[in-house]
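For reference, the chains in residue letters:
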Amino acid sequence: MIPQAVDYKRAGSVSEAISLLAENPDAKILAGGHSLIPAMKLRLNSPSLLIDIARIAELRFITAGDGAVAIGAASTHNDIISNADIQSRFLAMVEAGELIGDTQVRNMGTLGGSIAHADPSADWPGVLLALNATVKVEGAGGTREIAAADFFTGFFSTALEEGEIVTEIHIPNPVAGANSSYQKFLQPASRFAIVGCAVAVVITDGVISEAKVAFNGVSGEGAFLDEAVSTALLGKAATLETIEAAVAGAAEGIDINEDHYASKVYRKHLAKVYAKRALVAACEL
Amino acid sequence: MSNKFIGKSIKRVEDKRFITGHGRYTDDIVLPGMTYAYILRSPYAHANIKSIDTSEAAAMKGVVTIMTGEEVGHYGVPCGWQVNFKNGDIMKEPPHPLLVKDKVRHVGDAVALVVAESREIAQDAAEAIIVDYEVLPAVTDASKAVEAGAPQVHDSVPNNICFDWEIGNPKAEVDEAMASAAHITSLDFVNQRLSPNAMEPRSYIGHYDNVYDRYTLYTSTQNPHLIRLLMCAFVLGLPEHKVRVVGPDVGGGFGSKIYHYTEEALVTLAAKKTGRPVKWTETRSEAFLTDAHGRDHVTFAEMGFDTEGKIVGLRIKTFANLGAYLSTFSTAVPTYLHGTLLQGLYTTPKIHLDMTCVFTNTTAVDAYRGAGRPEATFLLERLIDLAALEMGIDPTELRLKNFIAPFDGVTQPGYQTNVALQYDSGNYHGVLARGLEMLGYEDFRKEQAEAAKTNKLLGVGFSTYIEACGIAPSAVVGSLGARAGLFEVGQVRVQPTGSVSVFTGAHSHGQGHETTFAQIVADRLGIPMENVEIHHGDTESVAFGMGTYGSRSLAVGGSAIVKSLDKIIEKGAKIAAHKLECSPDDIEFADGKFTVKGTDKSLTFGDIALTAYVPHVYPANLEPGLDFSSFYDPTNFTYPFGCHIAVVEVDKETGATKVKRFIAVDDVGNVINPMIVDGQIHGGLAQGIGQALLEGIEFDSTGQIINASYMDYAMPRADDFPMFELDRQVTPCPHNPLGVKGAGEAGCIGSTPAVVNAVVDALWSGGHKVKDVRMPMTPERVWTAMQS
Amino acid sequence: MPKISVTVNGTSYSHEVEGRLLLVHYLRDVLGLTGTHVGCDTSSCGACTIHLDGKSVKSCSLLAAQADGSSITTIEGLAPEGELHPLQVGFKEEHGLQCGFCTPGMIMCAADLLEHNSTPSEQEIREALEGNICRCTGYHNIVRAIQSASGQLETAAP
Ligand SMILES: Cc1cc2nc3c(=O)[nH]c(=O)nc-3n(C[C@H](O)[C@H](O)[C@H](O)COP(=O)(O)OP(=O)(O)OC[C@H]3O[C@@H](n4cnc5c(N)ncnc54)[C@H](O)[C@@H]3O)c2cc1C
Ligand code: FES
Ligand code: FES
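Residue numbers (numbering that gives the first Met the number 0), protein chains in the order written: chain A, 0 to 284; chain B, 0 to 787; chain C, 0 to 157.
Keep in mind the hints are simulated off the structure, nothing from the lab. Glycine is no exception: its CB is placed at the ideal position from the N, C-alpha and C atoms. Be aware that a few hints might be false.
Claimed, not checked - Using 20 Å as the maximum straight-line C-alpha spacing, the simulated DMTMM-like pairs for lysine to aspartate or glutamate come out as follows:
{"#": "1", "chain 1": "B", "residue 1": "15", "chain 2": "C", "residue 2": "80"}
{"#": "2", "chain 1": "B", "residue 1": "316", "chain 2": "B", "residue 2": "771"}
{"#": "3", "chain 1": "B", "residue 1": "596", "chain 2": "B", "residue 2": "585"}
{"#": "4", "chain 1": "B", "residue 1": "657", "chain 2": "C", "residue 2": "126"}
{"#": "5", "chain 1": "B", "residue 1": "91", "chain 2": "B", "residue 2": "163"}
{"#": "6", "chain 1": "B", "residue 1": "659", "chain 2": "C", "residue 2": "121"}
{"#": "7", "chain 1": "C", "residue 1": "2", "chain 2": "B", "residue 2": "119"}
{"#": "8", "chain 1": "B", "residue 1": "651", "chain 2": "A", "residue 2": "243"}
To be verified - Quick look at which bits of chain A chain C covers, simulated, 3 or more residues with Cβ under 8 Å:
{"#": "9", "segment": "31–38"}
{"#": "10", "segment": "41–51"}
{"#": "11", "segment": "198–212"}
Claimed, not checked - Chain A residues, not near chain C, derived (Cβ > 10 Å throughout):
{"#": "12", "residue": "2"}
{"#": "13", "residue": "11"}
{"#": "14", "residue": "66"}
{"#": "15", "residue": "77"}
{"#": "16", "residue": "83"}
{"#": "17", "residue": "139"}
{"#": "18", "residue": "233"}
{"#": "19", "residue": "240"}
{"#": "20", "residue": "259"}
Please model the complete structure; the sequences and the hints are all you need to start from.
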């Protein structure tokens with residue numbers, strides 16, 4: 000399988016990438032290429048030009064600041080899971096990152112590429128929702144900061160405008176009592192998520208004072224925050240009973256995805272099971 | 000004879016090239032002036048072709064030629080095995096054209112071949128070909144294809160029935176036995192369609208030398224001679240002596256590379272037409288659509304028992320899906336390789352199989368590792384374990400009640416089954432006893448009872464299997480419709496300096512023949528293994544051969560080599576006797592020396608080799624040289640057997656199954672290289688367990704395969720398995736000189752039902768009394784079974 | 000057409016390549032390094048695994064142009080000429096290969112693992128191989144080969 004003919008340019012900086020993109024409306028940004036190139040090989044996607052941003056130094060960093068950890072868009076999955084600041088702050092990121100594809104994929108694929116691609120079964124979107132991340136994007140018209148909840152807008156779609164690229168992802172530092180977890184039920188062939196559940200909780204004196212529960216894989220519309228489950232957890236003791244009661248209402252009113260590995264009924268059931276597992280892990284029960 | 004190598008885990012001599020990246024597979028070969036072919040395939044399962052427009056594609060720069068059914072549609076590939084209808088009529092054999100002219104019959108059916116200067120151009124051009132299709136309704140399920148009003152795949156095949164067939168005792172006798180049964184266990188099931196998935200995609204290079212008027216085909220095949228025979232005699236009408244077929248290093252076969260594929264003939268024709276070498280290598284996506292699939296039986300089976308738990312009868316109705324066209328051995332698989340194994344290890348007095356073989360709008364189905372025998376084993380072993388659950392008898396006890404008693408085939412006769420075969424030798428109690436010991440059966444049942452109180456159910460499943468391999472006695476298979484003999488050829492050429500070249504018609508694509516065969520030769524001749532080189536895979540160097548499948552290489556191919564070795568030693572003794580001035584009868588040969596019995600007068604093998612080629616002091620009436628070729632035609636099949644035990648854990652919340660332990664005690668007769676035999680078993684187990692839990696081709700209602708890639712078809716991975724626990728029992732084969740039975744398919748034949756039985760056992764332990772979970776037992780299917 | 004410069008197994012090369020040329024085809028067709036194989040078209044099987052600047056990647060899922068400026072190691076260059084890498088020895092000693100088609104990718108993937116974790120557990124080995132498919136061995140002896148290469152087997156199989 001061979002892609003259709005395409006030109007290739009390596010951008011030396013974010014501004015160069017942005018101007019190349021502006022000059023070539025049929026161009027596509029190439030980061031790790033691990034979503035784009037497989038699609039091009041199958042000729043599902045045929046851009047005229049690829050603008051490679053993978054080696055732009057200003058896009059590949061992870062810095063822990065006072066308020067948040069900033070991750071450059073071209074950081075690979077492996078960069079992220081092997082970073083000590085991430086490991087000490089965001090367990091869900093490590094758990095999710097380790098389950099993305101395989102070592103080889105994690106060495107190439109990037110956080111920015113994954114969220115720009117916004118595959119409904121991809122793992123990062125759920126994690127960014129649960130961790131309340133902000134996505135920084137830049138285009139000819141300047142930069143914008145978009146809350147993760149506003150960034151993911153549906154099936155392979157995001158709030159990115161034409162000519163914009165993702166440059167950074169900011170994840171607020173955890174407060175005292177915060178913990179997170181990501182649990183995933185793998186599709187046995189592709190190993191993407193049939194159900195992935197990311198949770199972030201804050202437990203104060205044994206009581207759940209903050210909770211975010213996000214799913215990917217569950218809905219064909221993409222990753223989403225399950226407000227009903229979060230609400231059902233708030234102010235309750237961090238116990239198995241609380242969790243079981245809360246997850247009973249998971250993925251309600253959602254257009255649930257269906258394929259030959261998981262029907263709607265089964266997927267919905269799994270959503271509850273995996274929400275429970277993630278919450279049990281995050282609450283350290 | 001010496002005893003240095005046979006029975007030892009000698010490291011493989013072929014490994015060096017593979018671990019350093021120097022294996023030479025077909026796609027690695029580049030010939031001067033080579034062009035690349037791309038095949039345009041049907042996106043529809045069933046459609047009339049109204050027109051094909053190649054004009055734009057043909058005009059593209061770098062396109063060398065385009066071929067369509069118009070040009071080559073009159074050539075077609077044959078089926079190698081004729082099976083007759085119950086009423087004696089010959090099976091329906093519709094043509095399988097190289098390129099389709101009028102009607103496509105499955106997704107992936109070949110419509111046009113583009114030859115170009117590069118792979119890229121060939122694909123670009125193929126996409127510029129315009130084909131106007133009239134889409135027709137498709138049928139993919141064999142049991143539905145025979146119904147009135149089903150889409151007709153071939154106009155010449157009414158109701159899509161290729162043939163119907165039966166084997167065993169007269170139906171009335173079986174009906175009577177079943178009527179007398181105290182308990183009948185019945186099971187309606189599907190043995191699902193699998194894609195073989197050898198990791199090397201098929202690859203062919205056609206080459207034509209116009210100076211010598213000779214063709215060469217490089218092909219990723221399991222049997223180069225068979226390909227040459229079929230392509231020359233039945234497809235292209237080329238003289239065999241003008242065609243060389245080379246099967247270089249081949250990256251796995253598992254059956255899928257036995258068959259003569261249309262693309263082999265196409266690249267050969269294209270090479271002649273263009274005067275340039277033409278390479279075609281399939282993509283994995285194409286492999287899913289065009290490599291012959293395996294299994295695909297829809298079965299209704301019943302097993303009757305008396306009040307003591309003795310089996311009184313077995314009655315089966317099966318629809319076997321052959322796909323859209325007949326592949327080389329496809330008709331033999333559900334019949335002679337399947338029906339004949341329905342005795343299993345049991346004394347079942349009355350057996351009847353009613354088989355209907357059916358065309359559908361799907362990829363051709365043929366032998367996949369085990370070929371017919373896994374389906375037979377699955378059927379029997381599922382029924383036995385299920386019957387045990389239903390009757391409340393321990394599944395191992397139920398087996399012991401029904402096992403055939405041990406027999407060695409030498410002092411005791413072979414066992415005559417009710418389904419045509421005569422087993423050679425067996426001790427079925429032995430493998431079960433050893434398996435139970437390894438399992439720690441009593442402790443397991445306690446653990447299981449504990450687990451039943453938790454969220455993780457435990458289950459154990461047994462499978463005691465037998466297979467027929469060492470394929471095959473030519474006269475027997477000939478009487479059953481085979482259109483070829485199934486002997487093997489082994490040539491042993493001793494060079495003047497005493498080194499030995501061996502030419503075998505068997506073909507190694509992972510089995511390690513270069514090592515195993517050399518072990519035999521080195522030991523029999525008492526020489527170092529380094530002095531032995533095994534050649535295979537080239538019709539130019541190997542006299543003839545039938546290739547590798549059906550666990551036949553050692554039992555049949557190895558035996559042919561042994562025959563030649565015997566001739567070498569016999570002739571060597573004559574030469575030695577002459578030089579040592581005694582009678583050949585007084586010469587004994589051991590450890591590489593020809594010795595006058597009772598004396599210390601001797602000559603080495605090397606001395607004799609030199610003398611044979613420098614025959615100055617030499618027996619009168621004896622030809623110089625030391626080079627023998629032998630054909631070995633076995634007198635019977637060989638019958639490996641064994642006991643496989645799976646322990647699984649089922650997650651009650653999700654239905655996900657994990658294989659916790661897998662125990663395999665196999666009896667494959669004598670073992671030449673235990674390391675290689677274990678490796679064969681491991682690989683087979685992974686495929687068999689893969690069928691139970693992960694793999695399965697699925698079609699949608701239009702005949703599209705919905706999981707034709709590794710993103711959707713679940714291939715077993717390293718983290719799907721525990722370390723396997725293996726042991727062996729040895730009951731030598733009484734009828735071949737090595738006493739070997741064959742080990743290539745055993746793992747795959749025994750393991751599948753063990754896993755399904757284990758899952759069902761786990762479910763019963765949790766109070767879910769289900770008969771079956773359809774394979775692959777995905778978490779959803781297992782979970783659903785627990786909801787009822 | 001992009002011009003690329005790469006170092007492959009210690010040798011520098013410069014070529015003009017088509018933008019769409021996959022790295023695996025560059026290695027196989029342009030450089031003649033056919034030890035790197037193609038087993039699928041969905042980036043799933045790992046037969047094409049090589050090291051790009053010291054990290055294992057699937058060369059079927061990269062353009063040759065993406066490798067410009069990089070240093071590449073393929074199976075042919077894993078050990079100095081005439082020598083074997085401990086993993087190559089391990090695969091042979093433990094019968095970690097049958098048809099050999101997946102083997103280069105398996106070894107390159109395992110080499111990356113051992114680089115980060117010199118004594119991986121059985122489970123860690125199995126997880127590290129999740130992007131590599133073998134149809135022949137059932138993985139049993141591949142796991143043992145890696146255990147052997149990392150000095151974790153008492154003795155080689157008898
Ligand atoms: C075998 C395999 C298994 C996989 N398994 C998983 C899995 O389990 N879970 C999972 O989540 N993912 C999985 N993936 C996907 C993988 O994580 C991809 O790497 C990721 O989705 C895309 O990142 P990339 O850097 O490779 O992006 P690319 O493929 O380079 O780009 C993807 C898309 O995003 C655009 N893009 C890239 N970067 C930017 C940017 N900074 N700004 C704007 N647009 C941009 C591109 O133009 C393109 O449209 C798998 C991939 C493979 C090949
Ligand atoms: S060929 Fe690269 S992953 Fe299969
Ligand atoms: S050894 Fe054949 S695929 Fe692994």
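Item checked: residue 233 of chain A remote from chain C - nearest C-beta pair above 10 Å -> 36 Å, holds
Margin query: Does residue 163 of chain B sit within 20 Å of residue 91 of chain B, going by the straight-line distance between their CA atoms?
Written below: Holds: residue 91 of chain B and residue 163 of chain B sit about 10 Å apart, inside 20 Å.
Item checked: Cβ contact check, 8 Å cutoff: the segment 31–38 of chain A against chain C, three residues minimum -> holds (count 4)
Check: Per the stated criterion, does the least C-beta distance between residue 240 of chain A and chain C lie above 10 Å, as a non-interface residue requires?
Finding: Label holds. Min Cβ-Cβ 33 Å, cutoff 10 Å.
Checklist line | Exclusion check [residue 11 of chain A not at the chain C interface, CB over 10 Å] | finding: Non-interface label stands for residue 11 of chain A: nearest chain C Cβ at 12 Å, farther than 10 Å.
Next item on the list: Against chain C, does residue 77 of chain A hold up as non-interface, every C-beta pair farther apart than 10 Å?
Entry: For residue 77 of chain A, whose nearest Cβ neighbour in chain C is about 8 Å away, the distance does not exceed 10 Å, so it is violated.
Item checked: Distal placement of residue 259 of chain A relative to chain C, Cβ over 10 Å -> Check passes; 16 Å lies beyond 10 Å.
Note to self: When I compare C-beta atoms, does the segment 198–212 of chain A have three or more residues closer than 8 Å to chain C?
What the structure shows: Not satisfied, violated; 0 residues make the cut.
Checklist line | Distal placement of residue 83 of chain A relative to chain C, Cβ over 10 Å | finding: Since the minimum Cβ distance to chain C is about 15 Å, residue 83 of chain A lies beyond 10 Å and the statement holds.
Notebook entry, point to check: Is the Cα-Cα distance between residue 15 of chain B and residue 80 of chain C 20 Å or less?
Noted result: With a Cα-Cα distance of about 13 Å, the restraint between residue 15 of chain B and residue 80 of chain C holds, given a limit of 20 Å.
Next item on the list: For the pair we were handed, residue 651 of chain B and residue 243 of chain A, check the Cα-Cα distance against 20 Å.
Entry: Holds: residue 651 of chain B and residue 243 of chain A sit about 16 Å apart, inside 20 Å.
Check: If you draw a straight line from the CA of residue 659 of chain B to the CA of residue 121 of chain C, is it 20 Å or shorter?
Finding: 14 Å, holds
In summary, the structure is inconsistent with hints 11, 12, 15 from the numbered list given earlier, while agreeing with the others.
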